[in-house]
Amino acid sequence: MATVSEPPQGGFQLSQLIYDTRYRSMTIQIVTLIAVLSLIFWLGANVASNLAALGKPIDFGFLGEPANYDINQMLIKYTSQDTHARAAFVGLLNTLLVAFLGCILATVVGVVVGVLRLSSNWLIARVMTIYVETFRNVPVLLWIVLAMAILIEALPQPRDFRGDDPAASMFLDSVALTNRGIYMPEPLFSRSLGEFSFFGIFDISNDLLVLLAVLAAGIFAAKQIGKRADRIQNATGERPKTWYMSLGVIAVPLIVVLVLLGFHLGYPELKGFNFQGGIYMRNSFIALWLALSLYTAAFIAEIVRGGIMAISKGQSEAAAALGLRPSRTMRLVILPQALRVIIPPLISQYLNLTKNSSLAIGVGYMDLTGTLMGTSLNLSGRELECVMLTMLIYLAISLCISGVFNIYNQRVKLKER
Amino acid sequence: MTKKVFWGALAVAGVAAGFASADTLDDVKARGELICGTSTGLAGFSAPDANGRYEGFDVAYCRALAAAIFGDPDAVEFKPLTTTNRFSALSAGEIDILSRNTTWTLTRDVDLKTTFVGVNYYDGQGFMVPKELGVSSARELDGATVCIQKGTTTELNLSDFFRKNNISYEPVPIETNAEAQQQYLAGACDVYTTDASGLAATRASFENPGDHIILPEIVSKEPLGPLVRHGDDHWADIARWTLNALITAEELGVTSANIEELSASTENPEIARLLGTEGNLGEMLGLSADWAKNAIMAEGNYGEIFEKNIGESTPIGLARGLNAQWTEGGLMYSPPFR
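Chains A and B are the protein sequences, given in the same order. Read in order, the letters of the first sequence are residues 1 to 417 in the numbering used here. Read in order, the letters of the second sequence are residues 1 to 338 in the numbering used here.
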């Protein structure tokens, strides 16, 4: 009875598409693809025809029309006569500002908390555990609203600073903490170099550009000094002292330029209803920034702790056996290896923070959701266009962040030779 | 076979879901209740009372409309909406009508594809400040921090007013009236600006209303009224004439107290047509003959609704002013019922 069945002879039959395992998976994939594409097409066509029936075909023309509303926090010049597109750009910059500062603060707090949670000090380790568990287990929107409520209710009003015996006074006569935000001294230049217009879209202070250029040159020079020290050390075994030279090449030119530009501080002053002058950090910004940072820092702390714990104890023991000091062990042995574990989840935390910044709507911070997807949408009635555009912008921001950090990840990951 | 039926049913369901029905009245009748968009809470205009029942000037209109359609003023569901999501909710069909102190403007009527069915309150934008600031005119507000509801006409008027007077201000955008109240009372903003009626309503809910003044300047025209989606004239007619019925009832002296008596024995032909004992106005609208009678019985005529919710005997204490009948020197004027 043991006969070997012959493979079927003859040409290709249509039924093979279903019954022949060589073709079946292909058939299923193609059918599924067609089904998904037609569903998407059907939804798209339906949206287009329904909008057309409503008399609102998709149209981005509103972006060129005057916005007619004011925005309180603007990093570039904007008036209510500017277009919706520019209002959206102002909002985008506000989003980027809070996301950027949030990522920095979250990283600093997260790393410190993550390391301290591993501390052998019982109290510190437990306090950090409580911090992590409270912050990451409550929705971030509640933290934002809570922070805002505390700022509004706990801090004094500007008018409390008035009078001969005021109920509140400025910190060191230069910083005013009010329930509308914090007013700080601002850097001013009496011999300013003016502003550089970037294609008429926004202006950058020339003073800032010059300072950054001098700082970059100083850091480059300091690096060269360090390299020279390395060469001497390799040749002679003795490392010359370089810290005063490095400090000098960075600090001295910077101070000279500051003096040449006539650097001085402008202090906030109570005039009329509010403080005038100085840098004004609005309470909506502070609430959003702090809440987002502290919330995300709780996650980063866990990532950092996990990264450090992933490095086997043998590594630090081997480093100690070679005579490395604990600080160098951390810097040269543990951290480079831990970073490989830390970086990928850290990227997604940065992305989370950036996307969570859209919760600004809860405290009236005029970010992208407050401008383009808030007031502009409402005034123009272009719901679909505004939402799509906002999604596209957030997508672009997120892809940029993950792109940059993926490059960094490539650099720190294990080199296989 | 069962599979085929399943996919077929799914496809049909999908197609049916994809097309918005053109006749709102049919949809409302099929659903058995009206869905009415209101504000998230503004005393006197739309706010839940102690028993959780929505009450107020804007709410009363929706109850009248529900009564005109179903004969039952409670056949209505209220959806609280913020200033920023109200128009999206209307155009997406989440609500049948928006009765939420919304200003009638050309852009909203034309570009946002809505249809305003009339004006139920002639208003204007005002400013409220704490008395202790010592401000007596809006022109003295240079440099002030102003709380403002996002996506409103008041936001645009504010920008225009300060630009016109060449003075500066710091806007604090907020989402709801409650939020504005919190920020204003904490002193996080010096000024709260919105429609004067809204200011009066907000002030009435303060612990010490006397500590706050509403500045004399009225900087804009804010005709507030209910609105529906563009494109369904039949539905817009029903909404418009329900509002007109309430206004006409006041003009003709028809109140919730005497309406039964009048509908049984009126000599006045206009009242008879309004209450459906004569003519076929209800039939023309696709409603029952006593539609207007039901609407008026729901919460009373326009004047009764005004007095009960926001009038001088209430804590909000608004005078009729522009909102008096045209016969009394106001602007309330309904086209005739014939």
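I should point out that these hints are in silico values taken from the structure, not numbers from a laboratory. Treat the hints loosely; a few may be bogus.
[Stated by the list, open to error] Here are some chain A residues pointing at chain B (derived, C-beta under 7 Å): (1) LYS77; (2) TYR78; (3) SER80; (4) GLY277; (5) GLY374.
[Stated by the list, open to error] DSS-like, lysine-lysine: derived pairs with alpha carbons at most 25 Å apart: (6) B:LYS308 x B:LYS79; (7) B:LYS113 x A:LYS56; (8) B:LYS113 x A:LYS271; (9) A:LYS271 x B:LYS308; (10) A:LYS415 x A:LYS227; (11) A:LYS77 x B:LYS164.
Heads up, the beta-carbon is just placed ideally off N, CA and C, and yes, glycines get one too.
| message | Run through the hints listed earlier and report the numbers of any the structure violates, in increasing order. | response | Hint check: 1, 2, 4, 8 and 9 fail, others pass.
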